[in-house]
Amino acid sequence: MSRTAHRLIGPEEPLWAPHHPEADPVSMHTLGFWLYMMSDALIFAALFAAYAVLDHPYNAAGGPQIRDVVHPAGAFIQTIILFTSVFTYSLSMVGLKAGNRAFVIGGLLAAVVFGAAFLGLELRDFARLFAEGATPDRSGLLSIFFVLVAAHGVHMVFGILWMLVMMVQVAVKGFTTAVVTRLLNLRIFWMFQASIWVCIFVFVYLNGAYR
Amino acid sequence: MNPHPADPLDHPDVRNASAVGFVAGYAASVGLMAIALMVTLQHEMSYAGFVIAIAILAGLALLAQALLMFQLNLSGAQRWKTISLLLVVPLFVLSIGLTGWMFHTLYPRTMLDFMQVQGNGM
Numbered sequence: 001m002s003r004t005a006h007r008l009i010g011p012e013e014p015l016w017a018p019h020h021p022e023a024d025p026v027s028m029h030t031l032g033f034w035l036y037m038m039s040d041a042l043i044f045a046a047l048f049a050a051y052a053v054l055d056h057p058y059n060a061a062g063g064p065q066i067r068d069v070v071h072p073a074g075a076f077i078q079t080i081i082l083f084t085s086v087f088t089y090s091l092s093m094v095g096l097k098a099g100n101r102a103f104v105i106g107g108l109l110a111a112v113v114f115g116a117a118f119l120g121l122e123l124r125d126f127a128r129l130f131a132e133g134a135t136p137d138r139s140g141l142l143s144i145f146f147v148l149v150a151a152h153g154v155h156m157v158f159g160i161l162w163m164l165v166m167m168v169q170v171a172v173k174g175f176t177t178a179v180v181t182r183l184l185n186l187r188i189f190w191m192f193q194a195s196i197w198v199c200i201f202v203f204v205y206l207n208g209a210y211r
Numbered sequence: 001m002n003p004h005p006a007d008p009l010d011h012p013d014v015r016n017a018s019a020v021g022f023v024a025g026y027a028a029s030v031g032l033m034a035i036a037l038m039v040t041l042q043h044e045m046s047y048a049g050f051v052i053a054i055a056i057l058a059g060l061a062l063l064a065q066a067l068l069m070f071q072l073n074l075s076g077a078q079r080w081k082t083i084s085l086l087l088v089v090p091l092f093v094l095s096i097g098l099t100g101w102m103f104h105t106l107y108p109r110t111m112l113d114f115m116q117v118q119g120n121g122m
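Which chain is which? The protein sequence lines are F and A, in order. With our numbering, letter number 57 in the first sequence gets 57, and the count goes up by one each step, no holes. With our numbering, letter number 19 in the second sequence gets 19, and the count goes up by one each step, no holes.
No lab work stands behind these hints, which were simulated from the structure alone. Predicted, not measured: the structure shown is a model, and the values here were computed from it. Check each hint, because a few of them may be wrong.
[To be verified] With the Cβ distance kept under 7 Å, some of the chain F side facing chain A (calculated, not the full set):
1. Met28
2. Leu31
3. Lys97
4. Val165
5. Thr177
No residue lacks a Cβ here, since even glycine has one placed at the ideal position from N, Cα and C.
Based on the provided sequences and hints, a complete structural model is requested.
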């Protein structure tokens, strides 16, 4: 991009780093990752659309209705745990701002623990449903219920693995440009899981329990 | 990644971290979801009213997360993330809403015992 174009955007514009020959690598990578997460949101939109279609008594095929498989109070505990995990990760960003490695690693560790607790409760819920015969192959309704909730759970697993890797990288490499960029991308990824869970909690668990 | 002469900790995405904002975002998210849970457990609204109420609460929780946790705004560092999110949200809502609406109108015309299932309240 020419310097004229930089001036058209404005000298304060950090995305284009007008005083350096190359683009701002941190902004470039975080914006790219943000756009990836927007496409990931549309994957969840497809799953929510499938759920909206299959969430009908007809698609229960004589099996359990959605109100029989969701427990809003239990899901609310999961909600608090997930929000707390995102909150502790956010606090680690305050540590990053201060350049404090121990603070950042501690925040990541707390986020991992709360994230693992969330997954543990989810797996326990799945095990209970399986024991009751409410398996994904029982009906179309249960298929999309398990796929939607498990898709979010798989995201959580990868987020936890990513955090474990970042704890090592922060300890070994410190706050290099690459490490800081990955921490910012992971922040986007982890907070996105809380936003998707809001939709699952409200439109699957609460809406399903109200019928 | 090419080396950059600036300290990455001085980057706007790092500098905008705010403990106060994170605490406010966390409290708002938990509070709004708690209200949604209470509305559900009390079971005093019509179904249509309930859906509108929880949709508003979910929207407020997502807004609180976007503004206070993601720290989205119209500053130079966040502008394009904010714009891309504003462009994706209608796609998200329309793809779900139009699909649901399409099948909602399709079911009564294609499933012979649909009305019976509805009538039984299964």
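Comparing the hints with the structure gives:
no. : hint   : in the structure
1   : Met28  : violated (9 Å)
2   : Leu31  : holds (6 Å)
3   : Lys97  : holds (5 Å)
4   : Val165 : violated (16 Å)
5   : Thr177 : holds (4 Å)
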